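Can you build the whole structure from these sequences, using the hints too?
Number of protein chains: 2
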Amino acid sequence: MSETNTRRFHKITIVDVARAAGVSHATVSRVLNNQGYIGEQTRLRVMAEVERLGYIANATARSLAGANSYLLGMMIPEFYGNYVGELSQSVDLELSNSGYNLAIFPTHGHPEKETWYINRIINGLVDGLIIMLPQSLNQYLPILKAQQIPYVLLDSERADPDSAVISTTNWQGAYDATRYLIGLGHRRIGHILGLETRLSSAERLEGYQAALHESDIAFDPLLVEPGFFRLDMGYEAARQLLALPNPPTAIFAANDASAFGAIKAAEALGINVPADLSVVGFDGQEKAELANLTTVHAPIALVGQLAARALIDRVKNPDGVPARETVATSLVIRKSCAPPRRVISEFADGNIGA
Amino acid sequence: MSETNTRRFHKITIVDVARAAGVSHATVSRVLNNQGYIGEQTRLRVMAEVERLGYIANATARSLAGANSYLLGMMIPEFYGNYVGELSQSVDLELSNSGYNLAIFPTHGHPEKETWYINRIINGLVDGLIIMLPQSLNQYLPILKAQQIPYVLLDSERADPDSAVISTTNWQGAYDATRYLIGLGHRRIGHILGLETRLSSAERLEGYQAALHESDIAFDPLLVEPGFFRLDMGYEAARQLLALPNPPTAIFAANDASAFGAIKAAEALGINVPADLSVVGFDGQEKAELANLTTVHAPIALVGQLAARALIDRVKNPDGVPARETVATSLVIRKSCAPPRRVISEFADGNIGA
DNA sequence: ATACTTTATGTAAACGTGTACATAAGCATT
DNA sequence: AATGCTTATGTACACGTTTACATAAAGTAT
Chain A
2 MSETNTRRFH KITIVDVARA AGVSHATVSR VLNNQGYIGE QTRLRVMAEV
52 ERLGYIANAT ARSLAGANSY LLGMMIPEFY GNYVGELSQS VDLELSNSGY
102 NLAIFPTHGH PEKETWYINR IINGLVDGLI IMLPQSLNQY LPILKAQQIP
152 YVLLDSERAD PDSAVISTTN WQGAYDATRY LIGLGHRRIG HILGLETRLS
202 SAERLEGYQA ALHESDIAFD PLLVEPGFFR LDMGYEAARQ LLALPNPPTA
252 IFAANDASAF GAIKAAEALG INVPADLSVV GFDGQEKAEL ANLTTVHAPI
302 ALVGQLAARA LIDRVKNPDG VPARETVATS LVIRKSCAPP RRVISEFADG
352 NIGA
Chain B
2 MSETNTRRFH KITIVDVARA AGVSHATVSR VLNNQGYIGE QTRLRVMAEV
52 ERLGYIANAT ARSLAGANSY LLGMMIPEFY GNYVGELSQS VDLELSNSGY
102 NLAIFPTHGH PEKETWYINR IINGLVDGLI IMLPQSLNQY LPILKAQQIP
152 YVLLDSERAD PDSAVISTTN WQGAYDATRY LIGLGHRRIG HILGLETRLS
202 SAERLEGYQA ALHESDIAFD PLLVEPGFFR LDMGYEAARQ LLALPNPPTA
252 IFAANDASAF GAIKAAEALG INVPADLSVV GFDGQEKAEL ANLTTVHAPI
302 ALVGQLAARA LIDRVKNPDG VPARETVATS LVIRKSCAPP RRVISEFADG
352 NIGA
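Just so you know, the sequences run in chain order A and B.
Add 1 to a position in the first sequence, counting from 1, and you land on the number used in the working numbering.
Add 1 to a position in the second sequence, counting from 1, and you land on the number used in the working numbering.
If you're looking for bench data, these hints aren't it; they were derived computationally from the structure.
Take these hints with a grain of salt, some might be off.
Unchecked claim - What follows is a set of in silico ranges between Cβ atoms, one per label pair, in the way DEER data are often shown:
| hint | chain 1 | residue 1 | chain 2 | residue 2 | range |
| --- | --- | --- | --- | --- | --- |
| 1 | B | Asn34 | A | Leu45 | 43 to 53 Å |
| 2 | B | Glu113 | A | Lys317 | 48 to 58 Å |
| 3 | A | Asn35 | B | His26 | 33 to 43 Å |
| 4 | A | Asn35 | B | Gly23 | 43 to 53 Å |
| 5 | A | Ala276 | B | Gly271 | 23 to 33 Å |
| 6 | A | Ala276 | B | Glu290 | 14 to 24 Å |
Remember, it's a predicted structure, so these values are computed and weren't measured experimentally.
Note that beta-carbon positions come from the ideal geometry of N, C-alpha and C, so glycine has one too.
Put into structure tokens, the structure is as follows:
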């Protein structure tokens with residue numbers, strides 16, 4: 002056994018353990034995986050050598066040979082706000098409880114990055130995947146299905162009907178928020194749109210529209226500006242809205258970050274929140290509490306927990322029915338909203354309300 | 002018990018490409034990796050087949066064979082606040098610019114989880130690793146070195162001298178914060194300690210002590226309570242401090258989260274911040290701005306960027322000198338601090354000051 | 001013409017594991 | 001005593017790639 006000199010340190014492999022225990026490496030593998038028949042003395046001898054040599058299985062080789070790695074993945078767009086952080090935290094916690102570990106893959110919403118990760122995953126990088134707010138899901142969903150990779154979708158109630166999906170009531174939350182503003186007396190309500198590629202954005206927009214419709218308020222496309230779920234874009238969107246000839250007295254933003262942007266814009270323009278402008282966000286981050294933002298609270302930790310469970314279920318029971326759960330949002334009322342002050346402009350519009 | 006990977010679809014391998022192009026799979030590999038000599042026509046033919054068949058290399062097999070995966074990792078404790086989220090974001094962005102991708106591994110500070118990930122990494126899960134605030138670094142640092150895994154440490158200026166380290170001026174930041182409080186007239190200044198296992202905690206404690214010493218204020222161990230970098234523990238710590246017979250008029254917390262906890266505790270006790278209690282944090286998160294917290298701002302995005310660069314440097318140039326950079330913190334003064342009101346108790350102590 | 005270098009490609013052996021199949025011993029049943 | 005089942009273990013191949021080494025053709029300097 003001459004030393005191969007390129008490798009400084011010989012890693013202990015299953016073969017080393019086998020030799021030390023006087024058995025074949027197949028037997029060691031069987032002991033390690035509780036597979037097939039093993040003599041009791043052999044098992045003990047092998048385990049002893051495993052312990053003595055400090056053997057640790059090579060997960061890469063395992064993966065290549067088609068075995069489980071006990072590593073699960075979560076593909077996310079990016080860490081905007083601490084929404085994703087909270088989610089990751091709860092997913093990770095729940096997975097840990099079941100003996101799995103987590104790897105998080107940020108894509109920045111770049112389709113190329115998504116496919117890059119997906120390719121790695123198909124090759125056995127992880128045993129399963131939670132996919133949050135994908136950009137180009139349709140491109141690889143068939144592949145995931147064909148290769149029977151366990152996965153869970155995290156976004157919209159309307160995502161692919163055959164997939165495991167954990168979602169929140171986007172439509173209902175938006176509807177509730179808008180109803181609340183209408184209830185305060187607002188009739189000119191702006192909306193800062195989320196990322197267009199996300200189903201949740203469309204659902205929130207539609208919830209907003211439905212509430213308007215129900216109160217016989219005509220939907221005005223001028224009152225919708227894109228905010229991309231981002232603070233700076235929310236700022237811009239609000240600037241646009243507030244510069245309108247007939248500006249809104251309230252804004253429902255598709256998420257907290259863009260709501261913060263709207264508040265900043267109002268401040269910059271000398272417009273008082275909530276006296277002159279009411280703002281409602283969506284997500285219910287910790288930050289919203291600090292900033293006294295009225296927001297649609299989505300129980301993100303619960304979503305993460307359910308997603309983790311659903312994924313483990315897919316991994317352990319691939320032929321079962323994919324879990325589909327929708328978690329209810331709730332409107333948390335704080336101090337960023339008030340009845341509208343500029344009643345005059347309403348009369349000018351001829352909208353006196355019920 | 003084991004779920005056999007019944008692969009329904011034959012994946013296209015390098016051998017398929019080779020056959021289609023009429024060459025050996027070794028030639029295809031060489032074409033793909035720009036290794037050795039390849040005839041121009043052969044290269045073209047192979048590339049055409051790669052394209053036509055939609056071949057994608059199996060990263061797991063590559064990794065087993067000892068090649069690069071262009072996936073880099075970052076091991077973090079957990080997503081407390083959005084500190085880690087911000088860091089991940091900047092690391093990821095910088096790596097992306099250089100064609101690398103990122104996987105994030107959360108450990109919850111559990112040593113077993115750390116070693117679990119490290120084992121995977123040694124087996125080729127990723128090409129290199131950024132290690133943030135490790136719990137049991139000493140256990141695997143020798144292994145990382147021996148196996149020549151490129152890595153970068155993210156914590157303290159004092160971490161292992163042979164390693165690449167990106168850090169912030171923990172000592173100086175704590176010193177500045179404490180000096181500021183002393184400058185306001187405080188002489189009884191409490192400290193909420195960070196996680197004891199983190200070098201940064203010790204450095205911040207020492208900076209605090211140094212500032213006290215410089216102003217001839219005796220260090221009182223009673224004024225230091227552990228906060229574990231957590232909001233709830235910061236709350237508890239502040240409760241303890243404020244219940245003291247001679248309570249502090251100011252608190253320097255080891256991070257923003259525990260500072261928020263302290264503020265909450267003060268509120269709960271009816272103690273006004275800043276009139277009756279000044280509070281300074283550390284980190285300078287976005288949340289600190291919203292909450293008007295005076296804090297030692299650490300430019301986390303810059304740290305992430307430098308760490309990413311340092312790691313790429315290690316990967317590309319393993320025999321070079323490991324990068325070591327310390328990023329300066331800066332005290333951001335907001336509205337959570339004021340001169341002390343209870344001058345009487347100082348006289349009672351006999352500490353009239355210089 | 002000889003010897004040597006450069007270019008181009010193929011062969012085969014890793015990398016470390018899982019597992020189908022073969023083999024063999026022990027035991028119970030006929 | 002022959003048969004069949006259970007238990008235990010080894011052999012050999014598969015997973016998909018990289019790469020050391022072998023081979024061979026072509027070009028170049030002597």
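Going down the list of hints, with the structure as the test:
no.	hint	verdict
1	B:Asn34 to A:Leu45: 43 to 53 Å	holds, 46 Å
2	B:Glu113 to A:Lys317: 48 to 58 Å	violated, 22 Å
3	A:Asn35 to B:His26: 33 to 43 Å	holds, 36 Å
4	A:Asn35 to B:Gly23: 43 to 53 Å	holds, 46 Å
5	A:Ala276 to B:Gly271: 23 to 33 Å	holds, 29 Å
6	A:Ala276 to B:Glu290: 14 to 24 Å	holds, 23 Å
Figure legend: structure checked against the earlier numbered hints; the only hint not met is number 2.
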